[in-house]
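Given next are the chains, with one letter for each unit.
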Amino acid sequence: MQELLLIAVGSAFVNNVVLSQFLGICPFLGVSKNVKTAAGMGGAVVFVITIASFVTGLIYKFILGNPNIMGGELEYLNTIVFILVIAALVQFVEMFLKKSMPSLYNALGVYLPLITTNCAVLGVALTNVESGYGLLTGVVNGFATAVGFLVSIVLMAGIREKTEHNDIPESFKGTPIVLVTAGLMAISFFGFSGLI
Amino acid sequence: MSIMGIILAVVVVGGTGLFIGIFLGVSDKAFAVETDEREEAILDILPGNNCGGCGYAGCSGLAAAIVAGEAEVGGCPVGGAPVAEKIGAIMGVDASAQERQVAFVKCAGTCEKAKTEYEYHGIKDCVMASQMQDGGAKGCAYGCLGYGSCVTACPFDAIHVVDGIAVVDKEACKACGKCVAACPKHLIELIPYKQQTFVQCNSNEKGKALMSVCEVGCIGCRLCEKNCEAGAITVNNFLAHIDADKCTNCGVCAEKCPRKIIKM
Numbered sequence: 001m002q003e004l005l006l007i008a009v010g011s012a013f014v015n016n017v018v019l020s021q022f023l024g025i026c027p028f029l030g031v032s033k034n035v036k037t038a039a040g041m042g043g044a045v046v047f048v049i050t051i052a053s054f055v056t057g058l059i060y061k062f063i064l065g066n067p068n069i070m071g072g073e074l075e076y077l078n079t080i081v082f083i084l085v086i087a088a089l090v091q092f093v094e095m096f097l098k099k100s101m102p103s104l105y106n107a108l109g110v111y112l113p114l115i116t117t118n119c120a121v122l123g124v125a126l127t128n129v130e131s132g133y134g135l136l137t138g139v140v141n142g143f144a145t146a147v148g149f150l151v152s153i154v155l156m157a158g159i160r161e162k163t164e165h166n167d168i169p170e171s172f173k174g175t176p177i178v179l180v181t182a183g184l185m186a187i188s189f190f191g192f193s194g195l196i
Numbered sequence: 001m002s003i004m005g006i007i008l009a010v011v012v013v014g015g016t017g018l019f020i021g022i023f024l025g026v027s028d029k030a031f032a033v034e035t036d037e038r039e040e041a042i043l044d045i046l047p048g049n050n051c052g053g054c055g056y057a058g059c060s061g062l063a064a065a066i067v068a069g070e071a072e073v074g075g076c077p078v079g080g081a082p083v084a085e086k087i088g089a090i091m092g093v094d095a096s097a098q099e100r101q102v103a104f105v106k107c108a109g110t111c112e113k114a115k116t117e118y119e120y121h122g123i124k125d126c127v128m129a130s131q132m133q134d135g136g137a138k139g140c141a142y143g144c145l146g147y148g149s150c151v152t153a154c155p156f157d158a159i160h161v162v163d164g165i166a167v168v169d170k171e172a173c174k175a176c177g178k179c180v181a182a183c184p185k186h187l188i189e190l191i192p193y194k195q196q197t198f199v200q201c202n203s204n205e206k207g208k209a210l211m212s213v214c215e216v217g218c219i220g221c222r223l224c225e226k227n228c229e230a231g232a233i234t235v236n237n238f239l240a241h242i243d244a245d246k247c248t249n250c251g252v253c254a255e256k257c258p259r260k261i262i263k264m
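Protein sequence lines correspond, in order, to chains A and B. Note that full-length UniProt numbering has the first sequence beginning at 1, numbered continuously upward. Note that full-length UniProt numbering has the second sequence beginning at 1, numbered continuously upward.
Among the hints, erroneous ones may be present.
What the hints assert, rightly or not - Facing chain B, according to a computed beta carbon distance under 7 Å, are these residues of chain A, among others:
(1) A88
(2) F96
(3) K98
(4) K99
Don't read these hints as lab results, they were simulated from the structure. Virtual Cβ for every residue (Gly too), placed ideally from N, Cα, C.
Isolated chain A, as found in the complex (with noise of 0.2 Å):
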């Protein structure tokens, strides 16, 4: 238990999968512009990469990294068959959620297909099987690393909509203050690191 939320905590805060990984840079720039469809955004992303760790858990454990099969050497083929399996996923998801859960597929709207191109569920899945992650921790470890993100577009969001009134210099008008705004929080968000 201890382990898990060590894990947890790790991911979400410390090593921000935004922040300090690095991934998922393009919606966290593009879709920050108001707290609301940041937030909008953030939950997608959390729904879909805890259902993402959970499946590519499952495909790792019983087919590339099986050591009954060519003695686990199909490895190398995680990235490919993931990316196949998770924009298969995420249509599936939406065709589901569209069915049996309208309210839900209204609220994630456009965001849900949008997640089939973010880097950070394809990030958070190689991740996994690269720290050895079984199926349940793997799945902690996805949930918290969106978590993460979804925690840092909505920071970025809100000082995004602040930043709006301000009096900025011509030439950092736009997508250059906006990235020195993310450079800032992440050497902010490098004060957690002490933390574990």
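Guided by the hints, dock chain B onto chain A, whose structure is given.
Frame of chain A, contents of chain B only:
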């Protein structure tokens, strides 16, 4: 890496792809959601700005509501009569001609004509400015602050700040009502496009108090009320109001107004 290894890799990746393909194909059928064809047809006709002027969350929301019978076929204020007609054809309902409306700003106190009490250097936003002392820097507490919250709200680029007051571009305005909601002074209202006389003031101040802060505002002298043959004008709280249903656009009120605040 033996030849077996290569074949196995092909089998694993190909098999995964094949499995996913079949699985997605099957689940597409299994989880198919039946959507009303009319809903999609209506969505195609609607303007697609997703402005929310109809009161629903975007065009798809209105389309669903129309099919469900919760909204009128002419529910889209942006598309107006032409869109209502096409939707009516799909729904099999005769769309009665909807009168086109436009937004109108009830203030004529431009920079020259209205006094300011102090200099405001804060954020250029009407809601923010209206929180300041006396409801903003403008001498008249009812007038347009001119920081353009309505301009930001307008999805059609139909309202602009000219000489310190907001002015609506009648042709571009789609009467979605966003500016009406955005204005902290509740200055903007929707009036019929055909209406030609309007009182360009929102002040409930008495004559003397108003004259000390604005050169043009309505002082509630009742000259227009007395002279209107159609009985369309009423003066309440020192402010004239024209009833669009009764107004014949004769122009007598504009002529008689000593402050020239009724415009033709």
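Hint check results:
1. A88: 4 Å, holds
2. F96: 6 Å, holds
3. K98: It holds, given that the least Cβ distance between K98 of chain A and chain B is near 5 Å, below 7 Å.
4. K99: Since chain B brings a Cβ to about 4 Å from K99 of chain A, closer than 7 Å, the hint holds.
Comparing the model with each numbered hint stated earlier shows that all of them hold.
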